[in-house]
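Each chain is listed here by its residues.
Protein chains: 2
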Amino acid sequence: MTGLRLYSYWRSSASWRVRIGLHLKGLTFDYVPVHLVKDGGEQHGAAYRAVNPMRTLPTLEWTEADGAVRRLSQSLPVLEYLEERFPAPALLPADPYLRAKSRMLAELVNSGIQPLQNLSVMQRLKQELGADDKAWSAYWNARGLEGLEAAVRPLAGRFCVGDTVSLADVCLVPQLYGARRFGVDLAPYPTLLRIEAECQSLPAFQAAQPDRQPDAVPA
Amino acid sequence: MTGLRLYSYWRSSASWRVRIGLHLKGLTFDYVPVHLVKDGGEQHGAAYRAVNPMRTLPTLEWTEADGAVRRLSQSLPVLEYLEERFPAPALLPADPYLRAKSRMLAELVNSGIQPLQNLSVMQRLKQELGADDKAWSAYWNARGLEGLEAAVRPLAGRFCVGDTVSLADVCLVPQLYGARRFGVDLAPYPTLLRIEAECQSLPAFQAAQPDRQPDAVPA
Numbered sequence: 131m132t133g134l135r136l137y138s139y140w141r142s143s144a145s146w147r148v149r150i151g152l153h154l155k156g157l158t159f160d161y162v163p164v165h166l167v168k169d170g171g172e173q174h175g176a177a178y179r180a181v182n183p184m185r186t187l188p189t190l191e192w193t194e195a196d197g198a199v200r201r202l203s204q205s206l207p208v209l210e211y212l213e214e215r216f217p218a219p220a221l222l223p224a225d226p227y228l229r230a231k232s233r234m235l236a237e238l239v240n241s242g243i244q245p246l247q248n249l250s251v252m253q254r255l256k257q258e259l260g261a262d263d264k265a266w267s268a269y270w271n272a273r274g275l276e277g278l279e280a281a282v283r284p285l286a287g288r289f290c291v292g293d294t295v296s297l298a299d300v301c302l303v304p305q306l307y308g309a310r311r312f313g314v315d316l317a318p319y320p321t322l323l324r325i326e327a328e329c330q331s332l333p334a335f336q337a338a339q340p341d342r343q344p345d346a347v348p349a
Numbered sequence: 131m132t133g134l135r136l137y138s139y140w141r142s143s144a145s146w147r148v149r150i151g152l153h154l155k156g157l158t159f160d161y162v163p164v165h166l167v168k169d170g171g172e173q174h175g176a177a178y179r180a181v182n183p184m185r186t187l188p189t190l191e192w193t194e195a196d197g198a199v200r201r202l203s204q205s206l207p208v209l210e211y212l213e214e215r216f217p218a219p220a221l222l223p224a225d226p227y228l229r230a231k232s233r234m235l236a237e238l239v240n241s242g243i244q245p246l247q248n249l250s251v252m253q254r255l256k257q258e259l260g261a262d263d264k265a266w267s268a269y270w271n272a273r274g275l276e277g278l279e280a281a282v283r284p285l286a287g288r289f290c291v292g293d294t295v296s297l298a299d300v301c302l303v304p305q306l307y308g309a310r311r312f313g314v315d316l317a318p319y320p321t322l323l324r325i326e327a328e329c330q331s332l333p334a335f336q337a338a339q340p341d342r343q344p345d346a347v348p349a
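Residue numbers (our numbering), protein chains in the order written: chain E, 131 to 349; chain F, 131 to 349.
Hints listed in this document are in silico derivations from the structure and should not be mistaken for laboratory results. Mixed in with the good hints, there may be bad ones.
Note that the list lumps identical chains together, so a pair holds whenever it fits in one copy or between two copies.
[As the list claims (entries may be wrong)] Within a straight-line C-alpha distance of at most 25 Å, the following computed SDA-like cross-link-like pairs (lysine to any residue) qualify:
#1 K264 - M252
#2 K264 - P348
#3 K256 - A268
#4 K155 - Y227
#5 K155 - D225
#6 K155 - H174
#7 K264 - L249
These figures come from a predicted structure and were not determined experimentally.
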């Protein structure tokens, strides 16, 4: 597995999850920026469509020993793949029930919050329905984080599931960043905030931060 | 693992996915109906909130040998758990890259389509925004299925990934049923329709059909 490249956008939460995973696994990769907004979105251009016809970020690309070029998209399947090929350090607990719980928490973000407030949904809400896309996004973030806080509490140690980082934490941190951008009051989610601070103390999470990426736009 | 119970609603696509998985694995389970619409939704009542505070379907419940009662929600993590505890017959290919592709296809449905047209989103669109919730749902189904058709084509054999049923097929079949309910023209997705017909020939898929469930309402 050589020539690892990640097609990414600094603020894309799905890209951010995979960046965390790559850094946690200690894998070196080239960063290929795809601007989700400029010129109507570079993901719709011919160059990126040849890489990923679904026009979503991120895409992970690499070359196998036999020369085959491989590509994968969808953040959780990419992370599960990295886990299978590079098992240490693990992104999932060893116990099957706790593994399932970590995946469940990750899905509460991945399918329960993020799809309802991603860029294409917000654009359609605003342009087709004339709706307040930010209020919509804030609503689903708050509702989702309420469920996540309740689900994390009985499982949490230092991180979402016990004392080891897992997929749940990888999904949590980028979502809280998104929620702040939509103006969501995070005070009702003290467990999530505490875990976020633990994660931010780790070098892998620091290296994956949006403002540390080559395509970041200074505030 | 005894006393397997599935909290389900006949038309819930996420419940349906887990029903397929249980039947494919040959696992016997009790069916506990939770009506998503009646009386404002039984999932919001105290009885079900004690089972699943996130108020989503399905929830799988069982008792371990030591007497511990276990519960899991979120359809894909539940299916991954069943795969780890009951590996045969497999719901994922043996090859890591193909496993990832199957998970990717499953996520195109699970996070790419279903969340945008689930009941709570449709209710909010209609009640808060006065929008045409069915047109909204049809749009995201068509857009998602277009991406899925393109992604499946290079991978498909008899099923979505080669000639063996996997998580991708488990997610595909309930989504096509949903797309029909929203009036989506499925003619542009011939590969998906062909695979759906293959799936429907299998007893496990037949047993999981909505109209075969105890809480089904005759048309």
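Verification of the hints:
Taking CA atoms no more than 25 Å apart as the test, K264 paired with M252 passes in both settings, with 8 Å inside one copy and 18 Å between copies. For the identical chains of this complex, K264 and P348 are intra-copy neighbours only, at 22 Å inside a copy versus 41 Å across copies, given an alpha-carbon limit of 25 Å. When the C-alpha separation of K256 and A268 is checked against a cutoff of 25 Å, the pair qualifies both within a copy, at 14 Å, and between copies, at 18 Å. With identical chains, the CA atoms of K155 and Y227 are at most 25 Å apart both within one copy (23 Å) and between copies (18 Å).
For a Cα distance limit of 25 Å, the shortest separation of K155 from D225 qualifies both inside one copy, at 20 Å, and across copies, at 21 Å. Neither within a single protomer nor between protomers do K155 and H174 lie at most 25 Å apart by alpha-carbon distance, with minima of 31 Å and 40 Å respectively. Both within a single protomer and between protomers do K264 and L249 lie at most 25 Å apart by alpha-carbon distance, with minima of 11 Å and 21 Å respectively.
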